[in-house]
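Protein chains: 4
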Amino acid sequence: MDDYRTLREAAWAANQELNRRSVILYTFGNVSAADRDRGVFAIKPSGVPYDDLRPADMVVVDFEGQVVEGRMRPSSDTPTHAVLYREFPGIGGVGHTHSTYAVAWAQAGRPIPILGTTHADLLPDAVPCTAVMTEAEAAGDYEAATGALIVACFPERSWERVPMVLVARHGPFAWGRTAEEAVQHCVMLEELARTAWLTVALDPGIGSLEPWLLRKHFERKHGPDAYYGQEQGGHGA
Amino acid sequence: MDDYRTLREAAWAANQELNRRSVILYTFGNVSAADRDRGVFAIKPSGVPYDDLRPADMVVVDFEGQVVEGRMRPSSDTPTHAVLYREFPGIGGVGHTHSTYAVAWAQAGRPIPILGTTHADLLPDAVPCTAVMTEAEAAGDYEAATGALIVACFPERSWERVPMVLVARHGPFAWGRTAEEAVQHCVMLEELARTAWLTVALDPGIGSLEPWLLRKHFERKHGPDAYYGQEQGGHGA
Amino acid sequence: MDDYRTLREAAWAANQELNRRSVILYTFGNVSAADRDRGVFAIKPSGVPYDDLRPADMVVVDFEGQVVEGRMRPSSDTPTHAVLYREFPGIGGVGHTHSTYAVAWAQAGRPIPILGTTHADLLPDAVPCTAVMTEAEAAGDYEAATGALIVACFPERSWERVPMVLVARHGPFAWGRTAEEAVQHCVMLEELARTAWLTVALDPGIGSLEPWLLRKHFERKHGPDAYYGQEQGGHGA
Amino acid sequence: MDDYRTLREAAWAANQELNRRSVILYTFGNVSAADRDRGVFAIKPSGVPYDDLRPADMVVVDFEGQVVEGRMRPSSDTPTHAVLYREFPGIGGVGHTHSTYAVAWAQAGRPIPILGTTHADLLPDAVPCTAVMTEAEAAGDYEAATGALIVACFPERSWERVPMVLVARHGPFAWGRTAEEAVQHCVMLEELARTAWLTVALDPGIGSLEPWLLRKHFERKHGPDAYYGQEQGGHGA
Numbered sequence: 007m008d009d010y011r012t013l014r015e016a017a018w019a020a021n022q023e024l025n026r027r028s029v030i031l032y033t034f035g036n037v038s039a040a041d042r043d044r045g046v047f048a049i050k051p052s053g054v055p056y057d058d059l060r061p062a063d064m065v066v067v068d069f070e071g072q073v074v075e076g077r078m079r080p081s082s083d084t085p086t087h088a089v090l091y092r093e094f095p096g097i098g099g100v101g102h103t104h105s106t107y108a109v110a111w112a113q114a115g116r117p118i119p120i121l122g123t124t125h126a127d128l129l130p131d132a133v134p135c136t137a138v139m140t141e142a143e144a145a146g147d148y149e150a151a152t153g154a155l156i157v158a159c160f161p162e163r164s165w166e167r168v169p170m171v172l173v174a175r176h177g178p179f180a181w182g183r184t185a186e187e188a189v190q191h192c193v194m195l196e197e198l199a200r201t202a203w204l205t206v207a208l209d210p211g212i213g214s215l216e217p218w219l220l221r222k223h224f225e226r227k228h229g230p231d232a233y234y235g236q237e238q239g240g241h242g243a
Numbered sequence: 007m008d009d010y011r012t013l014r015e016a017a018w019a020a021n022q023e024l025n026r027r028s029v030i031l032y033t034f035g036n037v038s039a040a041d042r043d044r045g046v047f048a049i050k051p052s053g054v055p056y057d058d059l060r061p062a063d064m065v066v067v068d069f070e071g072q073v074v075e076g077r078m079r080p081s082s083d084t085p086t087h088a089v090l091y092r093e094f095p096g097i098g099g100v101g102h103t104h105s106t107y108a109v110a111w112a113q114a115g116r117p118i119p120i121l122g123t124t125h126a127d128l129l130p131d132a133v134p135c136t137a138v139m140t141e142a143e144a145a146g147d148y149e150a151a152t153g154a155l156i157v158a159c160f161p162e163r164s165w166e167r168v169p170m171v172l173v174a175r176h177g178p179f180a181w182g183r184t185a186e187e188a189v190q191h192c193v194m195l196e197e198l199a200r201t202a203w204l205t206v207a208l209d210p211g212i213g214s215l216e217p218w219l220l221r222k223h224f225e226r227k228h229g230p231d232a233y234y235g236q237e238q239g240g241h242g243a
Numbered sequence: 007m008d009d010y011r012t013l014r015e016a017a018w019a020a021n022q023e024l025n026r027r028s029v030i031l032y033t034f035g036n037v038s039a040a041d042r043d044r045g046v047f048a049i050k051p052s053g054v055p056y057d058d059l060r061p062a063d064m065v066v067v068d069f070e071g072q073v074v075e076g077r078m079r080p081s082s083d084t085p086t087h088a089v090l091y092r093e094f095p096g097i098g099g100v101g102h103t104h105s106t107y108a109v110a111w112a113q114a115g116r117p118i119p120i121l122g123t124t125h126a127d128l129l130p131d132a133v134p135c136t137a138v139m140t141e142a143e144a145a146g147d148y149e150a151a152t153g154a155l156i157v158a159c160f161p162e163r164s165w166e167r168v169p170m171v172l173v174a175r176h177g178p179f180a181w182g183r184t185a186e187e188a189v190q191h192c193v194m195l196e197e198l199a200r201t202a203w204l205t206v207a208l209d210p211g212i213g214s215l216e217p218w219l220l221r222k223h224f225e226r227k228h229g230p231d232a233y234y235g236q237e238q239g240g241h242g243a
Numbered sequence: 007m008d009d010y011r012t013l014r015e016a017a018w019a020a021n022q023e024l025n026r027r028s029v030i031l032y033t034f035g036n037v038s039a040a041d042r043d044r045g046v047f048a049i050k051p052s053g054v055p056y057d058d059l060r061p062a063d064m065v066v067v068d069f070e071g072q073v074v075e076g077r078m079r080p081s082s083d084t085p086t087h088a089v090l091y092r093e094f095p096g097i098g099g100v101g102h103t104h105s106t107y108a109v110a111w112a113q114a115g116r117p118i119p120i121l122g123t124t125h126a127d128l129l130p131d132a133v134p135c136t137a138v139m140t141e142a143e144a145a146g147d148y149e150a151a152t153g154a155l156i157v158a159c160f161p162e163r164s165w166e167r168v169p170m171v172l173v174a175r176h177g178p179f180a181w182g183r184t185a186e187e188a189v190q191h192c193v194m195l196e197e198l199a200r201t202a203w204l205t206v207a208l209d210p211g212i213g214s215l216e217p218w219l220l221r222k223h224f225e226r227k228h229g230p231d232a233y234y235g236q237e238q239g240g241h242g243a
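Residue numbers (our numbering), protein chains in the order written: chain A, 7 to 243; chain B, 7 to 243; chain C, 7 to 243; chain D, 7 to 243.
Isolated chain A, as found in the complex:
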């Protein structure tokens, strides 16, 4: 009996969508889909080209990153995903890409400033950038240390409102209630990175979006009286 078929299919579909959205080059990126009731997630196997990937190739691991089912080696970023599932209760998907503009901000070690309503429609603050990992941290469990650097950026459940981050010198991670939403956040993050890059080139000293515009846009999509999308209080993707 195959216990994790639905979960592996969800992870597979999300990985395919990530690839289709042009935020992936070769094997550089991965998405996982979690089943919180069973305490596992399915993730892309390491180094397999997207075109060759089948649902059955997805590897099921627990929240400590131990393989539960699967013939292949899971993504080398698996321990980072595991940290996020443990520390961010409620998230059901995590994505990681090397999308071009997000990587540029991450390499520069700079958060993506909130400069307009496209950004505020999605999240109410800058996309944070982690600290640069120290030599001591990198000498230990590197991928878990990456997860810890991410977690340190999100005090007070702020990971619910800001479902994305830049890992300094590395690139973006994003999450969501599902793997599908995590992919949407990866794609939107790249667009926010691109428009912010272009805006800063026009005006290097630009400040943040006025707080009343920020609040208004975030709340019309995500607040208790949200009126965007077709659901009440909805979150139209």
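Just so you know, not all the hints are guaranteed correct.
SDA-like, lysine to any residue: derived pairs with alpha carbons at most 25 Å apart [unchecked claim]:
| # | chain 1 | residue 1 | chain 2 | residue 2 |
| --- | --- | --- | --- | --- |
| 1 | C | K222 | D | L31 |
| 2 | C | K222 | D | P134 |
| 3 | C | K222 | C | R183 |
| 4 | C | K222 | D | A144 |
| 5 | C | K222 | D | P117 |
| 6 | C | K222 | D | P55 |
| 7 | C | K222 | D | S164 |
| 8 | C | K222 | D | Y148 |
Everything labelled a hint here was simulated from the structure, so no lab data went into it.
Keeping the supplied structure of chain A fixed, place chains B, C and D upon it in accordance with the hints.
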């Protein structure tokens, strides 16, 4: 009897074209098509992915933004469209996107300068950028206030010659005699924003296009003796 | 009997190729194909979308720009093409686009410097930029004046070696022995404009390519002892 | 009997993949595939459009660049490929493109700095840029001199760890254990060039990636204890 089928189909087709032209990411954008005789317009429902959209999903509203026909909630930008239809007599379509370069100029709060004949072929002046909305304005009817900021940029029927605008911190709106033309103006606006961005990077202190070139190009397409396109006085889209 | 069918088909095919190569937006651009023996050229009709264009729509005009055959109005740039056919003996095709990076250089009024061997493989000098047209020139026959500004950039048959130009504030024109080659030159010009733009951003004070590299690359493709391509003295497009 | 069919097919497939990956414009680029046992490599013929290319068109030459089999003239860059096969034992494929961002760095004469883990996943150092060829060098065997400039950048078998280079004023070359891998390195090089360009624009004074991150990322893919990909010590492409 379905009274608004033709109108909904025109709005649907214009929304599909907007998506095809790569100025839309996910659900970020919308077009409406007006029937001035009946005082209504059809607009995209809020937050519905373009690929799932059918003509029957378009929502018909009056020029006060009240729903006349349709099962779904109209775009959250509907009150902005309504203001434009009320204040700009003669326009038959309005489009709104978050296209990348136009958003960059809008986020920087800068008009798109007129730097060449590609721009002058389409419109005889810079693409204006609205004022930044104040906290008091944002506290009221936000989308109507957005419309009012737009209208304030267009004294003396100048909205006929300059069928597009940047809303500061937000992004572009464009309009036209039809929804199809509004989409063309959205697409052209993005290209003007892109070439202006690249030109200003080469020469940050560049001035506006010489006035005689501006006049010549605008008038060969739009003046009384226009000789561009196949119509007399034509406006070859 | 249809005298110009082959010529119209060549012009039509070149216009389609221009569109396919993504250097055209809507109707902004045109290519013509000349038959020098008969003293005519076929050109795109004005303002007709590329997707709707059929070979029979191409308009045949003489080298003074007078219509010889065709039901539609020829491109508004026809007089510019006519000047080039009259002044540059031997050319058999002319193309004009509003491609993005070439327009940026043209709007800035700057020649595209020769910075590397990609450029030198194609032409042995900067892509010149015309003077800005004066008010007096613009008041007369504007499109013919555009042609005259172009011709003034090419003393001593240099238009044979440098088959392309930027018209200041406007955009690129290119030509070749055939309409097909004119299109290739339009496409290559855009790529030269793009790489030069990116290079100048990295090093704003960069000088021209060393003259020995320039000569070597141009001559291995175009000199009397050319060894690029499959023809002797060949010009592998 | 056709001795080199497999080799020609490998070279042809790699050239087609290079074209599909959008790092080629017209005929500007080439890949070769070597058979070290027989001391030959198959390379693209000079100046033939990719769409017209058949496996039988590939030209087989020896490591001195002399044609062994084939009706067409080999790529004008053949002597450069030959130098690399002679001087870099173990490589089985060489690729050369004029990809946009890599050409920009090459034209500026600047190495591509190592700024993040995307780069470190692939190679443990900057992508070097050769010296500018002197007039004396260009006067001799130009393509062989290009090869010598490349070789001078790679002391102590460093070409094994850094399988790519920029030739100053010209563009990128990359190599690998196979022609397929050489193509992947060409494509990745363009992406590294692009993200580095964008990063340097955000922070012109940025330094290199911290050495512990560099080592960690390179070794997790390429070190003796590599854990990326599905092979032990694997090199997941």
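Against the structure, the hints:
1. This hinted pair checks out: K222 (chain C) and L31 (chain D) have alpha carbons roughly 21 Å apart, not beyond 25 Å.
2. Restraint check for K222 (chain C) and P134 (chain D): satisfied, since their Cα atoms lie roughly 23 Å apart, inside the 25 Å limit.
3. Distance restraint check for K222 (chain C) and R183 (chain C): the Cα-Cα separation of roughly 23 Å lies within the 25 Å cut-off, and the hinted pair is therefore satisfied.
4. For the hint pairing K222 (chain C) with A144 (chain D), the CA-to-CA distance comes to about 7 Å; that is within 25 Å, so the pair holds.
5. Only pairs whose Cα atoms come within 25 Å are accepted, and K222 (chain C) paired with P117 (chain D) is accepted, the gap being roughly 24 Å.
6. Among the hinted pairs, K222 (chain C) with P55 (chain D) is consistent with the structure: their alpha-carbon atoms are about 23 Å apart, no more than 25 Å.
7. Taking the CA atoms of K222 (chain C) and S164 (chain D), the gap is about 30 Å. The hint is violated against a cut of 25 Å.
8. Simply put, K222 (chain C) and Y148 (chain D) have alpha-carbon atoms about 8 Å apart, close enough for the 25 Å limit, and the pair holds.
The structure is inconsistent with hint 7 alone, although it conforms to all the rest.
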